[in-house]
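There are 6 protein chains.
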Amino acid sequence: MTLIKQMQAPDEFVGFYLIKELEVKQTNTTPAKDFMDIVLCDASGQISAKMWDVSAADKETFFPMTLVKVQGIIQTYRDKLQVKIGRLRKALPEDAIQMTDFIRSAPISPVDLIHTINQVLESIANPTIKSIVSFCVTKVADKLNHYPAAKTHHHAYFAGLAYHIVRMLEIGEFICKQRPFLNADLIKAGIILHDIAKPEEMIAQLGIVSDYSLQGKLLGHISMASNWITEAAIHEGIDLQSDVVIGLQHIVLSHHNLPEWGSPVLPQLPEAVALHYIDSMDAKLQMVEDTLLTTPETEAWTPMIRGLENKAIYRLNL
Amino acid sequence: MTLIKQMQAPDEFVGFYLIKELEVKQTNTTPAKDFMDIVLCDASGQISAKMWDVSAADKETFFPMTLVKVQGIIQTYRDKLQVKIGRLRKALPEDAIQMTDFIRSAPISPVDLIHTINQVLESIANPTIKSIVSFCVTKVADKLNHYPAAKTHHHAYFAGLAYHIVRMLEIGEFICKQRPFLNADLIKAGIILHDIAKPEEMIAQLGIVSDYSLQGKLLGHISMASNWITEAAIHEGIDLQSDVVIGLQHIVLSHHNLPEWGSPVLPQLPEAVALHYIDSMDAKLQMVEDTLLTTPETEAWTPMIRGLENKAIYRLNL
Amino acid sequence: MTLIKQMQAPDEFVGFYLIKELEVKQTNTTPAKDFMDIVLCDASGQISAKMWDVSAADKETFFPMTLVKVQGIIQTYRDKLQVKIGRLRKALPEDAIQMTDFIRSAPISPVDLIHTINQVLESIANPTIKSIVSFCVTKVADKLNHYPAAKTHHHAYFAGLAYHIVRMLEIGEFICKQRPFLNADLIKAGIILHDIAKPEEMIAQLGIVSDYSLQGKLLGHISMASNWITEAAIHEGIDLQSDVVIGLQHIVLSHHNLPEWGSPVLPQLPEAVALHYIDSMDAKLQMVEDTLLTTPETEAWTPMIRGLENKAIYRLNL
Amino acid sequence: MTLIKQMQAPDEFVGFYLIKELEVKQTNTTPAKDFMDIVLCDASGQISAKMWDVSAADKETFFPMTLVKVQGIIQTYRDKLQVKIGRLRKALPEDAIQMTDFIRSAPISPVDLIHTINQVLESIANPTIKSIVSFCVTKVADKLNHYPAAKTHHHAYFAGLAYHIVRMLEIGEFICKQRPFLNADLIKAGIILHDIAKPEEMIAQLGIVSDYSLQGKLLGHISMASNWITEAAIHEGIDLQSDVVIGLQHIVLSHHNLPEWGSPVLPQLPEAVALHYIDSMDAKLQMVEDTLLTTPETEAWTPMIRGLENKAIYRLNL
Amino acid sequence: MTLIKQMQAPDEFVGFYLIKELEVKQTNTTPAKDFMDIVLCDASGQISAKMWDVSAADKETFFPMTLVKVQGIIQTYRDKLQVKIGRLRKALPEDAIQMTDFIRSAPISPVDLIHTINQVLESIANPTIKSIVSFCVTKVADKLNHYPAAKTHHHAYFAGLAYHIVRMLEIGEFICKQRPFLNADLIKAGIILHDIAKPEEMIAQLGIVSDYSLQGKLLGHISMASNWITEAAIHEGIDLQSDVVIGLQHIVLSHHNLPEWGSPVLPQLPEAVALHYIDSMDAKLQMVEDTLLTTPETEAWTPMIRGLENKAIYRLNL
Amino acid sequence: MTLIKQMQAPDEFVGFYLIKELEVKQTNTTPAKDFMDIVLCDASGQISAKMWDVSAADKETFFPMTLVKVQGIIQTYRDKLQVKIGRLRKALPEDAIQMTDFIRSAPISPVDLIHTINQVLESIANPTIKSIVSFCVTKVADKLNHYPAAKTHHHAYFAGLAYHIVRMLEIGEFICKQRPFLNADLIKAGIILHDIAKPEEMIAQLGIVSDYSLQGKLLGHISMASNWITEAAIHEGIDLQSDVVIGLQHIVLSHHNLPEWGSPVLPQLPEAVALHYIDSMDAKLQMVEDTLLTTPETEAWTPMIRGLENKAIYRLNL
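As you go down the protein sequences, you meet chains A, S, H, U, E and Z in turn. Sequential numbering of the first sequence, starting at 139, is according to our numbering. Sequential numbering of the second sequence, starting at 139, is according to our numbering. Sequential numbering of the third sequence, starting at 139, is according to our numbering. Sequential numbering of the fourth sequence, starting at 139, is according to our numbering. Sequential numbering of the fifth sequence, starting at 139, is according to our numbering. Sequential numbering of the sixth sequence, starting at 139, is according to our numbering.
Simulated from the structure, these hints should not be mistaken for laboratory data. Heads up, some of the hints might be wrong.
Heads up, the list lumps identical chains together, so a pair's fine if it works in one copy or across two of them.
[Stated by the list, open to error] Cut-off 20 Å, straight-line C-alpha distance, at most; resulting in silico cross-link-like pairs (SDA-like, lysine to any residue): (1) Lys449 / Ala322; (2) Lys171 / Thr214; (3) Lys228 / Pro318; (4) Lys218 / Leu160; (5) Lys281 / Pro245; (6) Lys197 / Ser272; (7) Lys158 / Gln220; (8) Lys289 / Cys179; (9) Lys315 / Asp428; (10) Lys222 / Thr165; (11) Lys218 / Asp172; (12) Lys158 / Ser182; (13) Lys188 / Thr165; (14) Lys143 / Thr433; (15) Lys268 / Val278; (16) Lys218 / Glu159; (17) Lys171 / Ile223; (18) Lys449 / Thr429; (19) Lys277 / Asn256; (20) Lys281 / Ala194.
Values in this document were obtained by computation on a predicted structure and should not be read as measured data.
Construct the complete structure from the given sequences, taking the supplied hints into account.
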C-alpha cells in the first residue's frame with residue numbers, strides 16, 4: 139500500500155485511506171455532471187483527489203471520516219500532486235483496518251501522555267495550585283487524550299495538545315533546574331493550564347478540527363481558561379483575591395506575550411516570561427519537525443510554514 | 139478667593155486649597171536646605187507650588203490630602219504657572235470649608251448617578267441578565283459612588299466612573315430607539331459592566347488614583363470583569379455555557395475593539411459593536427469638554443490631550 | 139416569486155430579477171463554448187448565476203442593468219449558492235415591473251431624505267455656514283437623492299448617502315442636546331459636508347458603483363470637499379481666511395481621524411472629534427444591520443464583514 | 139570675534155550675537171533672583187546662555203531678535219556647551235553690524251533665488267499651468283524671498299524655502315533630460331507648488347519659525363496648496379474639472395507619498411512619483427550637509443538628525 | 139506579425155513568439171484531456187495562452203525558452219486578454235529569427251552598458267576603493283552583461299541590472315556636481331556594488347528569473363555583497379578594519395534604508411543617504427516608464443504596480 | 139560596609155566604592171561653584187551621588203574607574219535614592235581592596251566559562267564547522283573572557299557574554315537531546331558564533347560599555363560575524379559557496395528572527411529557528427533574574443525592564 143507521503147506522479151496505486159473532506163461539485167460542462175472533490179489522508183500526510191462521474195448511490199455512500207479503498211492514478215495539477223480516483227468503495231470489516239491507523243497522531247500514545255501529565259500534576263507541592271489545575275484538567279478529561287493543539291498551526295493531530303503539554307513539561311523541568319529562582323509549581327501549572335480550554339474552543343474529531351465553538355469565537359481559549367480558574371477557586375473554596383488565583387490567571391492570560399498575539403496583559407511574573415518562551419520554542423520546533431516529516435525526502439525545501447512567517451525550511455547538506 | 143483656573147502671574151493671593159501631592163526635597167545649595175514641592179488643587183484645576191525654608195514642624199504638619207490656607211504669589215516657570223508659597227497653615231474647623239469643595243467632581247451628584255444606574259438596572263427585562271449585572275454592581279457598591287473612570291485619561295475625578303456610565307446610558311437609550319434591532323437589555327448591561335472592575339483595578343481616594351492594584355496590573359479590568367461574570371453566574375445558578383453568560387463576557391472582553399487597545403477578542407455581536415462606539419464617543423468628548431473647562435478662557439488652544447493623539451483643541455471664533 | 143435572500147438549494151424557481159453584472163466567458167471544452175457569468179439581484183440581495191449554451195442572439199440581448207425573467211435551479215458551488223439558468227428573457231412592458239423594485243434602497247424614500255437634509259440645512263443659524271453648505275449641496279443636487287455612500291463598505295445602495303447623512307443628523311441632534319458646549323451649526327454642517335463629494339468621487343447608477351472617477355482616484359472625496367468649500371467661499375464672497383472657512387475645511391479633512399484612515403490632519407475642534415464618532419457609529423452599525431438583513435434567518439452567523447476587521451456577527455439566543 | 143561654531147570651554151570671549159530666544163526665570167534660592175535664559179545665534183550656529191543677576195532695566199532692554207554685544211565665558215553643562223554672560227549691551231549704530239549677518243541663510247542670495255524661480259516659471263510652456271503657478275507664487279511673493287522651509291527639519295533658515303525649490307529645480311531639470319517621458323511643465327510646477335503654502339502655514343521672522351498659523355495647524359500646507367489651486371483656477375477662469383487642475387492638485391497632495399507621512403492620496407502620475415523622490419533627495423541631503431557644516435570639524439560624528447531616523451552622520455577617513 | 143502589446147480581442151493572428159512558461163495540465167472533463175498552459179512573450183510584453191488537444195508529440199516538443207510560430211485567436215478571459223492557440227510549431231533555422239529579438243531588453247546594448255560601467259570604475263581615484271569594486275565586478279563579469287535587476291519588481295529584463303547601474307551612475311554624477319561635499323568615489327563604488335550580488339542571488343536566463351539561489355534565500359544579496367567586500371579586501375591585501383572597507387560595507391548594507399525594507403543598518407554616511415535615494419528614484423521611475431510602455435496607448439490607466447504600493451499610473455491629458 | 143543595594147534614606151555610611159561615571163558641573167548660584175556629579179557602584183548595584191564644594195585638587199584626583207572611600211548620607215531625590223558625599227579619598231594599597239570586587243560579574247568565573255566554551259568547541263564533530271568557529275573565537279580570545287553581552291539590555295556585566303554563551307549551550311544540549319532531528323554541531327556553532335562579534339562592536343572596560351565602535355555603528359555585530367565567517371573560510375581554505383559556510387552565515391544573520399529586530403533574513407534552517415528561541419529565552423530570563431537580584435527584597439515590584447516591553451516583575455506570595 140502506497141503511503142501518501144511517498145506518492146509520485148504518474149503512479150497508479152490501490153490502497154486504504156481516510157476521507158478527511160468531501161464535497162460534491164458540478165462540472166462546467168453541459169449538461170453539468172456531479173463530481174466529488176475529496177481530501178484523502180493517512181498517517182503520513184494528505185492529498186487532494188477528484189472522482190468524476192459520480193452516481194446517486196455514490197453520493198449516499200461517501201462522507202467525511204469514512205475509511206475507503208481507492209484505486210487511482212497520481213497526477214500533477216498546478217504544481218501539486220492530486221489523485222484521480224478510478225474506483226472507490228467503503229472499507230469492510232474483513233479488510234481489518236482501523237481508523238486510528240489512518241490519522242496523524244502524536245508519536246507517544248495518549249495513555250502515556252495523560253499518565254505523564256497526571257504524574258506532574260501530582261508532583262505540584264502547593265495544594266492550592268494543585269487543586270485548581272486538577273479541577274481544570276478534570277473538566278476536559280474526556281478530550282485531553284485526543285484533541286489536537288490547533289486547527290492547522292501546530293500539533294494539529296490526534297492527541298497533539300497532550301503531546302505539546304508533555305514536551306513543554308520536559309523543557310519546564312530543565313529550565314527550573316537551570317534557573318532555581320523559578321517556582322516549579324507555577325511552571326508546571328502554567329504549562330498544563332495555558333491551553334487547557336482549547337478542547338472547548340475547538341470542535342474536533344480524531345484530531346481534525348472542523349470549526350471553533352461559540353465560546354471559542356466569542357471568548358477565546360485564553361479568557362476561557364481565566365474564567366475556569368475563577369470557577370475552580372469557587373468550587374475549591376479558594377480566595378479569589380489570593381496571589382495564587384491572580385498569579386495563575388495572569389500566567390494564562392499573558393502567555394501569548396503581546397496584545398497583537400492575543401494576550402490582554404504582558405508577562406509580569408518570572409514564570410509568565412518563562413512560559414511564553416517554553417510555549418513558543420516547543421510550538422515552532424514542532425512545526426519545523428512535522429513539516430520536515432511530511433515533506434518527501436527528495437525535496438530540499440519544505441512548503442512554506444505559516445507559523446514561521448511563511449518561510450520554508452531547507453535541508454542543509456553537511 | 140482666587141480659583142486656580144483664574145490665577146495669573148504675577149498675582150498675589152490668599153485662599154484655601156487642597157494639597158494633592160507633597161514631597162520634601164533639598165536644594166542644591168551648601169548647606170542644602172529642605173523645601174516642599176507641592177501640587178495644590180481646587181475644583182477648578184491644579185497648580186504646582188514651592189515652599190522654601192521649611193521647618194521641622196512643617197514637615198510634621200503638611201501631607202497630601204490636607205486642606206490648607208495659602209498666601210502666595212504666582213510666577214511663571216518654564217512657560218507654566220507656579221505658586222511661590224509665602225505662608226501656609228492647615229485649615230481649621232472655624233474656616234468652615236469642606237474637602238469635597240476642593241476636588242474635581244462629576245457635575246451630577248453621586249446619589250443621583252447611582253439612582254439613575256439602579257433605575258436602568260431595574261429596567262432590564264431579562265431576569266438572567268439583570269441578576270448578573272446586579273451581582274457585579276453590588277460587588278463595588280461602596281466604590282461606584284465616588285471612583286474616577288481613569289487615572290488621567292478621561293473622567294479622572296470624583297464619581298467620574300458613575301458619570302461616564304450614566305452618560306453612556308443616555309447615548310445607549312437613544313441608539314436603541316434609533317436602531318430597534320439592537321437588544322436594549324444587552325446595551326444596558328454592557329454599559330454598566332464594561333468598566334465595572336475599574337474600582338478594583340485602581341486605588342483611589344476622593345477621585346484621585348494613586349496606583350493600580352495587583353489585580354489591575356496582572357489581570358486588567360477587562361479580564362477581571364469577565365471573571366466576575368463567571369462568579370455571578372455560579373452564585374446565581376446560571377449555566378456558564380448559556381448564551382447570556384457568553385454574550386455578556388464577550389461584550390465586556392471586546393469593548394476596546396482591537397487587541398492593541400486591550401481587547402482579546404473583536405466585537406462579534408451587534409451590541410458589542412455599538413458599545414465600543416458609545417464608550418469611545420463619551421470618553422473622547424468628555425476629554426474635550428473637561429480640557430476646555432480647565433483651560434483659561436483667554437487661551438485659544440487647550441494643552442495637548444494624550445487621549446486625542448496628543449492634539450490640542452482650538453476655540454473657533456464664529 | 140422567490141426572493142434571492144430566500145433561495146435554497148436545490149430549489150427550482152421562476153421570477154424577475156435585475157442583471158447587476160454580466161460577462162461572456164468561454165468554457166475549457168473543445169470546442170470552447172460561450173457561457174454567461176451573471177450576478178442577479180433584487181431588493182433582498184444578490185446571487186451569482188451561470189447560463190450555459192449561449193447563442194449569438196443572447197449576447198446581443200442581455201447586458202448589465204437589464205430586468206429579466208429567469209427560470210433556474212439553485213445549486214451549491216464551493217459552499218456558496220449559485221443559480222443555473224434554464225431559460226432567460228427580457229422583462230416586457232406587460233410584465234409591469236419596475237427597476238426600482240429590484241435594487242437595494244435606503245428604507246426611507248429619497249424625497250423624504252432630501253426633505254430632512256434641507257430642513258436641517260435651513261435650521262443652520264450662522265448665515266455664512268449655511269451659504270457654504272447650501273452651495274455644496276446644490277453642486278450635487280441631482281445625485282444626492284440616489285447615490286450610495288460607498289462601493290461596498292457601507293450604505294452601498296440607492297440613496298445610501300442621503301440615508302447615512304439623515305441618520306447621522308439624528309445622532310448629531312441628540313449629542314448636541316446632551317453636550318451643549320458643541321456648536322450645533324458646525325455639527326450639522328460637518329455631517330452634511332463630510333461625504334458631500336462622494337457623488338463626484340464615484341460613478342454609480344441605481345445605487346451601484348461601477349468605478350471611481352478621475353477626481354476620486356487622484357484627489358479623493360475628502361480633499362475634493364475641502365476644495366469645494368474654497369469654491370463656495372469665493373462664490374459667496376466669504377473671506378477664505380475666516381475661522382468659518384478654515385473650521386469647515388478642518389472638520390471635513392479630519393473626519394477620518396487618522397492619516398492611515400485617510401485624513402491629512404487630526405481633529406482639533408470639538409465638533410471635529412464628535413463628527414468622527416458620529417460617522418463611525420452610524421457606518422459600523424449600518425454594516426451590522428444590513429448584513430443581518432441580507433443573511434438568511436436560519437444562519438446564526440453572518441458572512442464576514444470587511445469594515446469590521448473581517449469579523450462575522452452572531453445572532454445571540456437570549 | 140568668536141563664531142559660535144568655534145566656541146570651546148573654557149574660553150572667554152567678546153563679540154556680537156543675535157538673541158534668538160529669551161526668557162526671564164527665577165532661581166531656587168531664597169530670596170529667588172531673576173536670571174535670563176537666552177539662546178544666542180550667529181550665522182555659524184546657536185548656543186544657550188545664562189545671565190545671572192538681572193536688573194529691572196535689563197528686563198526692559200533685552201528681547202528676542204535683539205542684536206547684542208556679549209562678554210562671556212564658555213562652560214560645559216550636561217555634555218553641552220553653554221555661555222555664562224558677564225556683560226551684555228544692545229548693539230549700537232556705531233557698531234555697524236547688520237541683522238542679516240547673524241542669522242543662518244541659504245548660501246545663495248534671495249534675489250538670485252527668486253530670479254531663478256521666476257525664470258523657470260516663465261519657461262513653463264503650458265499657459266494654463268503657468269497661470270496657476272504664477273497666481274500661487276504671487277500670493278506669497280512677500281514671504282518667498284525669506285521664509286525657511288521648515289521649523290527645524292530641513293532648510294530651517296533665511297530663504298531656506300526658496301533655496302530648497304531652486305535646488306529641486308536643478309534636479310528636476312536633470313531628471314527630465316534623463317527621462318524625456320516626464321512632462322517638464324508638470325515637474326517645474328510641482329516643484330514650485332509643493333511647499334508653496336508653507337509661508338502661510340508657519341509664522342517666521344528672519345528665517346526662524348516661532349509657531350504654526352491657525353491654517354497650518356487645522357489644514358496643513360498640503361491641503362492649503364490644493365485649495366489655492368482651486369482659488370487660482372477660479373481667478374484665472376480655468377475649468378475646475380480639467381486635467382490640469384486635477385493633475386496639479388494631485389501632484390501637490392501626493393508629494394509626501396504615504397498617508398502616514400501626510401499625503402491623503404498616493405502618487406498616480408509619473409511626475410508625482412518623480413516629485414516625491416526629488417523632494418526627499420534634496421531635503422535629506424541638505425540635512426546631512428547642514429549638520430556637517432554646523433558640527434565642529436574636530437568631531438567625527440554629527441549630532442543625531444531627527445529627519446534621518448535619529449541617526450548621526452560619520453566623517454569617513456579615506 | 140502582431141506585437142503582443144498590440145493584440146486585441148477578437149483578432150486572429152500568425153507570428154513568432156517565445157514560450158516563457160509552459161505547464162501541461164488536465165481538463166475537468168471525462169475522460170480528462172491534456173492541455174498546455176503557456177505564457178508567450180516578445181519584446182513588447184507577454185500574454186497567457188492555452189493550447190487544447192495536446193498530443194504526446196507536442197509534450198515532447200514544446201518547453202519554456204522555445205521559439206515558436208503560433209496561429210491563434212485572442213479572447214477575453216476574466217477581464218484579461220488570452221490567446222487560444224490554433225496551430226503551433228517550433229521555429230526553424232529558415233525562419234531566420236533570433237532569441238534576443240523576443241525578450242525584453244534594456245534599451246542600451248549590454249556592450250555599451252558594460253563599457254560605461256568599466257569607464258566609471260576606471261575613473262575611481264582612490265586605488266583601494268577601485269580594487270575592491272573591480273574584484274566584485276570581475277566575480278560576476280559573465281552575468282553582469284545580461285542579468286535582470288529583479289524577478290518582477292523593476293528592471294526585470296535582459297541586462298536590466300547593468301542598465302539600472304548605468305542610469306544610477308548618471309544621477310550620481312549629477313548629484314556629486316550639485317553637492318561637492320559628497321565623495322564621488324564612494325558614490326560610484328556604492329552604485330556599482332549595491333546590487334552586485336544579485337546575479338548570484340537569482341537564477342536567470344535571458345533576463346527571466348526562474349528562482350532564487352540557495353545563497354539568495356539564506357543570505358540575501360545585501361549580506362552577500364558585504365561578504366564579497368571582505369573577500370576582496372583579503373584578496374587585495376587591504377586592512378579589514380580600515381575606513382574604506384567598513385565604509386563600503388556600510389553603504390551596501392544600508393542602501394535599503396530601513397530594517398523592514400531589508401537593511402540591517404541605517405545610512406550613517408552622506409554617500410549612504412545619497413545612494414538610497416539615487417537607487418529609489420531610478421527604480422521607481424523605471425517601473426513607471428516600463429509599465430507605461432507595455433500598456434496599450436488606448437488605456438488611460440496602467441495596471442497596478444506592486445512596487446508603487448499597488449497604485450496604477452494615469453496618462454494625463456494636458 | 140554598606141552594600142549599595144541595601145542603602146536606605148536617611149542612613150549615614152562609610153565604605154569603599156568604584157566611581158563608574160563622573161562629571162564636573164556648576165551650580166546655578168552666583169558665583170557658580172563646581173560640584174561633581176558621580177555614579178558610584180559596587181557588585182550589588184549602582185547609585186548616583188553629588189559632591190558639593192569641589193576643590194581644584196579634587197578635580198585632578200577623581201576620575202571614572204577610580205576606587206574610592208566615601209563618607210556620605212543617603213537622601214531621596216525625585217523618588218530615587220542619591221548619595222550626598224561628605225568626604226572622599228582614593229583607595230590606598232593598605233586598604234587592600236580590589237577592583238574586581240566592585241563590579242558586577244557573571245556568577246561563574248571567566249576561566250570556567252572559557253573552559254566550558256572550549257570544551258564544547260572541541261566536541262563539534264564536523265571539522266569544517268569546528269575550524270570556522272575556532273577561528274572566530276580566537277579572533278576575540280582576549281576579550282571573550284571579560285566582555286559583557288550588551289550595554290544595558292541583558293548580561294551587562296563582567297564576562298556577561300561568555301556567561302550568556304555557556305547558559306545557551308546548556309539549553310542547546312537539552313534541546314538537541316529532546317529533538318534529535320536538530321544537528322548538534324550547528325546548534326553549538328550557532329550559539330558560540332551568534333554574538334561573537336560583540337566584543338568588536340562595543341568598547342568596554344570591566345564589563346561596562348562606554349560606547350559602540352565604528353564597526354559596531356556602521357555594520358552591527360550580526361553583519362560583522364557574517365563577514366568573519368567569510369574571513370575564516372578563506373583562512374581555512376573552505377569553499378565560500380559550501381553549505382557549511384552559507385549555513386553558518388544564515389544562522390548568525392537570522393538569529394534576531396525579524397527584520398525590525400535586526401535580522402536581514404528570517405530563519406530557514408531548523409537550527410536557526412532553535413537558536414532564536416534559545417537566545418531569547420536565556421536573555422529574557424537573565425534580565426528577570428538580574429533585576430530581581432538588584433531589587434531590594436522589601437520591594438514587591440522590580441523597576442521597569444526595557445527588554446520586557448517596559449514591564450516590571452512582581453514577587454508573588456505563594
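Outcome of the hint check:
Proximity of lysine 449 and alanine 322 under a CA criterion of 20 Å is satisfied in neither setting, with 35 Å inside one chain copy and 22 Å between copies. For the identical chains of this complex, lysine 171 and threonine 214 are inter-copy neighbours only, at 13 Å across copies versus 23 Å inside a copy, given an alpha-carbon limit of 20 Å. When the C-alpha separation of lysine 228 and proline 318 is checked against a cutoff of 20 Å, the pair qualifies neither within a copy, at 57 Å, nor between copies, at 39 Å. For a Cα distance limit of 20 Å, the shortest separation of lysine 218 from leucine 160 qualifies both inside one copy, at 19 Å, and across copies, at 15 Å.
In this assembly of identical chains, lysine 281 and proline 245 lie within 20 Å of each other by CA distance solely inside one copy; the values are 18 Å within and 46 Å between copies. In this assembly of identical chains, the alpha carbons of lysine 197 and serine 272 never lie at most 20 Å apart, being 46 Å within a copy and 54 Å across copies at closest. For the homomeric pair lysine 158 and glutamine 220, the shortest alpha-carbon distance inside one copy (15 Å) is at most 20 Å, but the shortest distance between copies (25 Å) is not. For a Cα distance limit of 20 Å, the shortest separation of lysine 289 from cysteine 179 inside one copy, 16 Å, qualifies, whereas the shortest one across copies, 36 Å, does not.
In this assembly of identical chains, lysine 315 and aspartate 428 lie within 20 Å of each other by CA distance solely across copies; the values are 17 Å between and 28 Å within a copy. Within a single copy, lysine 222 and threonine 165 get their C-alpha atoms as close as 15 Å, and across copies as close as 12 Å, so both meet the 20 Å cut-off. Within a single copy, lysine 218 and aspartate 172 get their C-alpha atoms only as close as 23 Å, which misses the 20 Å cut-off; across copies the closest is 16 Å, which meets it. Taking the shortest alpha-carbon separations for lysine 158 and serine 182, only the intra-copy value of 13 Å comes in at or below 20 Å, while the best inter-copy value is 36 Å.
For a Cα distance limit of 20 Å, the shortest separation of lysine 188 from threonine 165 qualifies both inside one copy, at 12 Å, and across copies, at 12 Å. For the homomeric pair lysine 143 and threonine 433, the shortest alpha-carbon distance inside one copy (7 Å) is at most 20 Å, but the shortest distance between copies (41 Å) is not. For a Cα distance limit of 20 Å, the shortest separation of lysine 268 from valine 278 inside one copy, 16 Å, qualifies, whereas the shortest one across copies, 30 Å, does not. When the C-alpha separation of lysine 218 and glutamate 159 is checked against a cutoff of 20 Å, the pair qualifies both within a copy, at 18 Å, and between copies, at 17 Å.
In the homo-oligomer, the alpha carbons of lysine 171 and isoleucine 223 lie at most 20 Å apart both inside one protomer (16 Å) and across protomers (15 Å), since each shortest distance falls under that limit. Taking the shortest alpha-carbon separations for lysine 449 and threonine 429, only the intra-copy value of 12 Å comes in at or below 20 Å, while the best inter-copy value is 30 Å. Taking the shortest Cα distances, lysine 277 and asparagine 256 sit within 20 Å of each other inside one copy (14 Å), while across copies they are farther apart (37 Å). Taking the shortest alpha-carbon separations for lysine 281 and alanine 194, neither the intra-copy value of 36 Å nor the inter-copy value of 54 Å comes in at or below 20 Å.
Checked against the numbered hints given earlier, the structure breaks hints 1, 3, 6 and 20 and satisfies all the rest.
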